[in-house]
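Asker: Protein chains in written order, with our numbering: chain A, 1 to 355; chain B, 1 to 302.
Just so you know, these hints were derived from the structure itself, not from any lab.
Remember, predicted model here, so these are calculated numbers, not experimental data.
Worth double-checking, as some hints may not be accurate.
[Unchecked claim] Heads up, simulated DSS-like pairs for lysine-lysine below, C-alpha to C-alpha not over 27 Å straight-line:
id, chain 1, residue 1, chain 2, residue 2
1, A, Lys-325, B, Lys-94
2, B, Lys-301, B, Lys-203
3, B, Lys-154, B, Lys-301
4, A, Lys-122, A, Lys-325
5, B, Lys-203, A, Lys-45
6, B, Lys-164, B, Lys-301
7, A, Lys-325, A, Lys-181
8, B, Lys-94, A, Lys-327
9, A, Lys-45, B, Lys-301
[Said to hold, decoys possible] Pairwise CB distance ranges (calculated):
id, chain 1, residue 1, chain 2, residue 2, range
10, A, Ala-44, B, Arg-158, 40 to 48 Å
11, A, Trp-145, B, Ala-24, 29 to 37 Å
12, A, Trp-145, B, Val-66, 40 to 48 Å
13, B, Ala-218, A, Glu-156, 33 to 41 Å
Glycine included, C-beta positions come from ideal geometry on N, C-alpha and C.
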Amino acid sequence: MSQNAMQTAPRASHAGVFAGLSLLVVSLLYFFASQSPGTALHNAKLLIFKTAFIGILLEALPFILIGVLASALLQVFVSDRMVRRIIPRHPLLGILTAGLLGIVFPICECGMVPAIRGLIRKGMPAYVASTFILVGPILNPIVFWSTWVAFRSRPEMTYARMGLALAVAIAVGLIVYRFVKGGVLRDEGPPRERAHDHSHGHSHSHGHAHGYRQGGVRGKLTEMMSHSVGEFFEMGKFLLFGALLVGLLQAFVPQQQLASLGHGHAGSSLLMMGLGFALSLCSTSDAFVAQSFLATFSKGSLVAFMVFGPMLNLKSLLMMLAVFKTKFVALLAVLSFVFVYAGAWVLETWLLKGG
Amino acid sequence: MTMLRNRATVHHLLRTAILVGLTALLARLLFSGDMLLYIAPHLMLYARIATAGVTILALCQGYLTVASLRHPAIGCACGRDHDHDHAPPASLGKNVVLYGLFLLPLLFGAVVPNAALAGSLARNKGMNLAGAAVPNGASLETVELEGDADQAIKAMFRTNVYNKDYAKLGMLLYRQDAIEMKDEWFIEKLQAMNLFVDNFQGKRVTLTGFVYRESGLADDQFIVGRMAMTHCIADISPYGIVVEAPDAAGYPNDAWLTVDGTIDRTTFQGREVIRIVADGVISAKAPTIPYVYPDWNFASKL
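Next up, chain A with everything else stripped away, as it sits in the complex (with noise of 0.2 Å):
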């Protein structure tokens, strides 16, 4: 027992998660019991959330598997005063870092969650990590390329994008700087100020402690071993439950339906980031989904769901709230809605007019 135990026990403010989730279950077989066993494997709603579930699953795997062994190698090798030299002192300048490191590492969003939480705890101020949480999975070579392919005779869309991306994630950085004190860490307090004695905290980093003590290669690589797969579960569980949600609105929502609802400016913003933020796309194939509705939304709506959905999503959200303090979590998510909402407006009064 001991950091197993503290893993797999949900916390209390899942619990309302984890409920919904069996009552999810507890329907879904009431559905099935009432059709003959057969015919129930080959309805056409089963195989579509069957293969949307498993196809997000194997599509974010690789990124996961990526994200938890780079926070394995991190918690292990890396210093917690190798990071803070790294980032640069002045707030202004570290989030500036943090919008453009995306270019140097072209990471999505499922990677990133495990990989930044390993940073945080070596010292990576709250700031700086939101804003390349945001920016990240937009602001980078892959995205810009695939973007300006989807929109070819439209490159405004691509410029767009990216500059809305890091202007927001800019934006919230700088409130987070200004606003946020103390530990944004759903199990532990800020890295510098945590006292030594402080022992009984849920925390991994005591490990690495105890590795050095337990001394050579093989405690290390026992430690390793043991935090990624305690962290593969963890952040697993938030990808299942996300792929279990996108699995069943892309098998029981159709896309048009949803289409259909957005009518003017304003509603079909609000609209497409909802649509971001439900289908959970990755931020590399999204734009071909966004090029589909091009005849349907204006410009800029599109642009909101491109910039929304990668900083936002089910699935993300899931992941986020795995690490971060529910406050935190909810903060950034309503400062991201509100900026990228705003500058949607801003681009399609200005920017984007007309064909």
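Could you slot chain B onto chain A? The hints should help.
Answerer: Frame of chain A; chain B shown alone:
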């Protein structure tokens, strides 16, 4: 202590079982080729990485399980001395839900068949008939092609700078006697033809895809479509062409057909798109992997 130890062992064993199961699921998808039903070919490398990664995690967890049987606290970094301070052991119900979540993909993978999705999913997504719309008011220019391209043809494919690639492809198609819509560049060809609807009137075309219907179609019309996948099944979207055939009503939805015909035009949902007037419709075998993939870089391969 014994109780705690037993509980830890159960957790270790469950985790081992789940990781081994995941490894088996991934390996089966990878080696049977069914992986391509879920993700696009260019992501296969990542699928291999994931399979290798999960295998390694399973081995690690196996090692930890064996080690924990011998020394209860090994590998548990934050350990021995403060077991009692951790969160109280989760209730049985919560653990069932948690591990149930991980067992779900294994269960689905084992029980529900891997199926290619075509028409049924298209109904949820909404069919794309036109590709990129022609931007109005943009300055048009002719596209330079290597070789002795006919000036008259060049003049027909004047476009703005961003649609040059489609103009190039359009010219290539225009000079073919009959256009065949193969898997490669399905979407690109569709967009090129829709972009220059006028130029393709009366051309012969062959197309294979599934039958799909949507409100707004006449009785003698249906859509022949393909599903395009960018990354994974979550982002697939259907692309298709309106087909007109006298016996249209006789073809059920989702049936695979090969259609021969000539290109005409029609307006559908307010957009000017191509339409095929069919003179030969035969049923076709559904491909094992029914998806087409957008090729971002098609112009450089022309």
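Asker: For each hint, tell me whether it holds in the structure or not.
Answerer: Hint check:
1. For the hint linking Lys-325/A to Lys-94/B, the alpha-carbon distance of about 21 Å falls within 27 Å, and the restraint holds.
2. At most 27 Å may separate the alpha-carbon atoms for a hinted pair to count; Lys-301/B and Lys-203/B meet this at roughly 24 Å.
3. With a CA separation close to 19 Å, the supplied pair Lys-154/B and Lys-301/B stays within the 27 Å bound.
4. With a C-alpha separation of about 17 Å, the suggested pair Lys-122/A and Lys-325/A falls inside the 27 Å cut-off, and the hint holds.
5. A threshold of 27 Å between alpha carbons decides the hint, and for Lys-203/B with Lys-45/A the separation of about 39 Å lies outside it, so the pair is violated.
6. Distance restraint check for Lys-164/B and Lys-301/B: the Cα-Cα separation of roughly 14 Å lies within the 27 Å cut-off, and the hinted pair is therefore satisfied.
7. About 13 Å separates the Cα atoms of Lys-325/A and Lys-181/A, which keeps this hinted pair within 27 Å; it holds.
8. Among the hinted pairs, Lys-94/B with Lys-327/A is consistent with the structure: their alpha-carbon atoms are about 24 Å apart, no more than 27 Å.
9. Among the hinted pairs, Lys-45/A with Lys-301/B is inconsistent with the structure: their alpha-carbon atoms are about 39 Å apart, more than 27 Å.
10. In this structure, Ala-44/A and Arg-158/B meet the distance hint of 40 to 48 Å, their C-beta atoms being roughly 45 Å apart.
11. For Trp-145/A and Ala-24/B, the hinted distance range of 29 to 37 Å is satisfied, since their beta carbons lie about 36 Å from each other.
12. Distance hint check for Trp-145/A and Val-66/B: the Cβ-Cβ separation is about 46 Å, which falls inside the suggested range of 40 to 48 Å.
13. For Ala-218/B and Glu-156/A, the hinted distance range of 33 to 41 Å is satisfied, since their beta carbons lie about 38 Å from each other.
Going through the hint list in order, the structure does not satisfy hints 5, 9.
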